[in-house]
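Counting from 263, one number per residue, gives the positions in the sequence shown under the working numbering.
There are no misleading hints in this set.
Simulated pairs of lysine-lysine, BS3-like, Cα-Cα distance not exceeding 30 angstroms: (1) Lys869 with Lys846; (2) Lys485 with Lys369; (3) Lys426 with Lys465; (4) Lys844 with Lys797; (5) Lys485 with Lys402; (6) Lys751 with Lys722.
By construction, these hints were calculated from the structure, which means they are not laboratory data.
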Amino acid sequence: MAEQISPSITFMLQYTEANAQYVDYTNRDEAVEVENELALDKQSFEELTREQINSIQQSIPEQNLNFRDYIDYMNRSYATESQDRDITAVFNQESNYLQRTRVEQLKKNLETAYQNGSLLWQGVVSFDNNWLAQEGLIDKNTGQVNQQAIKNAIREMMPKMIQKEGLSDTAFWWGNIHLNTDNVHVHIGLSELESNREKIYYKPRRRWEYKGNFSQKTMKQVKSAVYHGLANQETRSMMLRKEQLLANLRTDLLANVFKNNQVTVSAEKNFLEQAYNHLPQEKKWRYGSNARDFAVSKFFINRYLDSYFANDGKEYYQQFLTETREFLASYEGVYSAEKNQAYEKLRYVNGKAIKQQVHSSGYDIEKLIQRREEELRERLGNQILKKFMEEVPRIANPESKNNLSDFSVGNQKRIREQLSDATYVHLADAWEKMGYKIPDDASPIYILKPVYDEDENGMKSETPRFVKTEAFDISQVQEDILNKRLNLKQLSLLSSDELKALVDAAKNKENRSEREQKELGTYRYALRLSLLAEKQAELMIQKELLDKVQPLESDKLFVSFKKSEVTERLEYIELQMTPNFKLKNLELAKKEAYSQKYEDSVQLSVKKADRGYLRAPLSRLTTEMNAVATVQDEKLLSLLKGRPMTKESYLEELKTHVSIFQVKNRIFENNELIARDPGEEQAKVLKRSNAYHFSELKQLYQKLLPEGESEKQSQIAQAVSKTMQRQRQLKKSGLQQEQGKLNVGHDFMKGLSMTLRGTERSDMRAFMAKLRADERAEREEQSQSI
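All chains, please: the whole structure from these sequences, using the hints.
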C-alpha cells in the first residue's frame, strides 16, 4: 500500500449563525435538537481524507463549540504557551498576547455580532510537523515551536482574506496556537460587528441568512500566504530567484515575438498577415476574447506562436518550460494530498449532509504548467495585437527565385520573349490570392492556358483548347496584405485537427463577406485533402500488411477481398485528390461509381439514401461479411484494424453499417411520402416514425464509437498521425530561409522534394502536380461549395 502523502498545510473553515436560540441554550435534553437544526456548516479545503478531517476534529474539540462558548475555550491554558493572570495566549492583529481585559472586550464584540445576526467563522490552519522542521520552525528534539513566526504569518494573511471576501470594516479576528496534537495548528475566530455580506435564502429555516462559505480561491490564497510567510530565508530566496528568472524569460519572449526583420519562416509571415487580415473592425482587440469575429485571427496568432516557439523563440520557450516545471515542483506536497487518494466529500444541500466518495486530483503539475503556458500565450498574443494597432505587418517581401520551369516549354519561350528578365510568374487571380495588386499600367505577359470544354451532357472533351491568358512577373506586382488569402499549398502545413478548428472558426463568423465565404470554401477543401492524405497513408499500411501476410487456406478469401478493396480505395483517393478538370470522362465515371460503393454509412445524407444508391454499398458489405465468416485466424482482423478485434465484433460492426443504411433508407422513403401530401394525420404518423428512426441512428452510431473511445486511435492511425506530423515539419523546414529571406515557388518545390526523398518517385510527381494545380482546384471547389 502506497504511503499517504499529506499536504504541508491544510486549512479548514466552518461557520455558525449568531442566533437568539444560543442565548437560552442550556444542557437540557432538547438542546441536542437545537444543535442538530443549527449544525455548523463546514467548509474544508478540498482533497482532505475523511480520516484526516476526523483526526483534526478529534484533536480540536473546540470546533464543535457554540458561538458564545468559543471564546472561553480559547482563553484556557490548554496545551499552549504559559499564561498568567493578566495575559492570555490569544493573539490578534495588534497583539501577540491579549490581556484578559481585551479578551472580555472580545466577548462583548461577539455578543454584539450575534445580536446583529453576523456569522462566526472558525478556522483551523494545520501544519505537517516535518515541513515545519524543514523550514526551521520546530526543533524535533525539544519540540520547541517558533510561535512568533507562525503568528506573524497568520497576521499577514488575515487582512488579505478579509479583503478578498468583502467583509466589513467592523471585522475582527483572534487566534491561538495549539501544540498538544500530532500536528501544530492555529485556531482562528473571525466575525463582524455589522455584516455587509450577501444574503441568501436558506430553505430549511425558511429565511434569509448571510452567506457563510468562502470561495475556494480565497481558501487556496490563505494557504499560499501562510506558506510564503513561513518559508525560511533560503526557500524564499530560491523562490524569488526562480520567479525573477521566469519573469526575465517572459520578457525575452515578449521582446522578440514579432519583429518584421526576424520572421524567418514563410509560414510565420502568412500566419501574421492572416491574423491581421481577419481582425474585426472598430473593436478593441484582446487575445482572451472568444468573440466569433475574432476566432480566425486568434487561430492564426496561435499558429504563429506555435512556429515561434519551435524556431526563433525555441531556446527561451524551452527554458521557460523547464524553469516553470522546477518552480512548480517545489510546491508539490504543500497544497494537495497524494493523487487518486480516496476521501469522503461532504456538502450540505438544504440542510442535509450529502456524502460522496471521490478521489483527490493531487498536485497536477502538468495542468499547472499548461495554465502558465496559456498565460504566456495570452501575453504574447496581446503583444502582437498591440503591434497590429501601431501598423500593418510589413514583413520582408519574398525574394522568390525562378519558377519558369513550372510552365510548359512553349509558355517559357513566350514569357522570355515578352519579358526577358522575368523570374517568378503567376496568373492574375493567383497573384490576387497571394496578396498582390496588379497596377493599372502593368503590361501583361500572355501565355496559353489549356481549357477542356463540356458538351450539353456535361461530358468533357478529350483534348483541350488553348486560351490566351494574362500573367504577371513578381517585378510587376505590389503586395496587398489586406486581401491576401492562403492557398492549398500553404494550408497543407496545417494538420487535420488545425484545419477543422480553422473551418469551425470561419464557419461560425456571422455575416461573412464574399471573400470570407470563398476562404471558407478553400479551408474546407484543404481539410478534405488532408483527411484524404491520412486515409491514403492508412490504406498504404494495410496494403503492405496484406502483401506480407501468409493466410490460412480458410482465410484466403477474406485476404483476397481486402487486397482488392484496398487497391480500389487507393485508386478512389487518387481520383478524389485530382481536380475534376484533369480527369477524363472514364475517370469521372469511375470516381462516381467508387463514391457509391465506398459510401460512409455515418456521413451519408438521408437525402441520398434511396434504394438504388444504396445497392452498391450494401452489396459490398454483404460480400465482406461472407468473406469474414470463413476466417479462422482472428489475429488477421486485429492486424488490419490496428486494435484488438474478434470475428464476432468485426461482423457486428459490418452489420451496424448495414443497419444504418437501412434506417436512413426508411427515413428517406418516409420523407418521399410526406412530400406527396398524404394528409395531416398520415403525415404525423410518418414524422413520428422518422423520430423513432433518428433515435435508432443515434444508438447505432454509439455502437460504432462507444462512449470513452472517441479519443483513442488505432495503432495504424497513431502511426499515420506521427508520420504526417513529421512530414509537415519537413515541409515547414523547406520554407526556412536565412536572414528573413522568403522563397516560394520552384525553390520550395525543390526543397520539399529533397526533404521527402524517401517517398516513391511516382507519389512525389503526383504531389508536385497537385500543388501546381492548386489555383484551378480551389476555383472548382469554391464553385461547388458556395
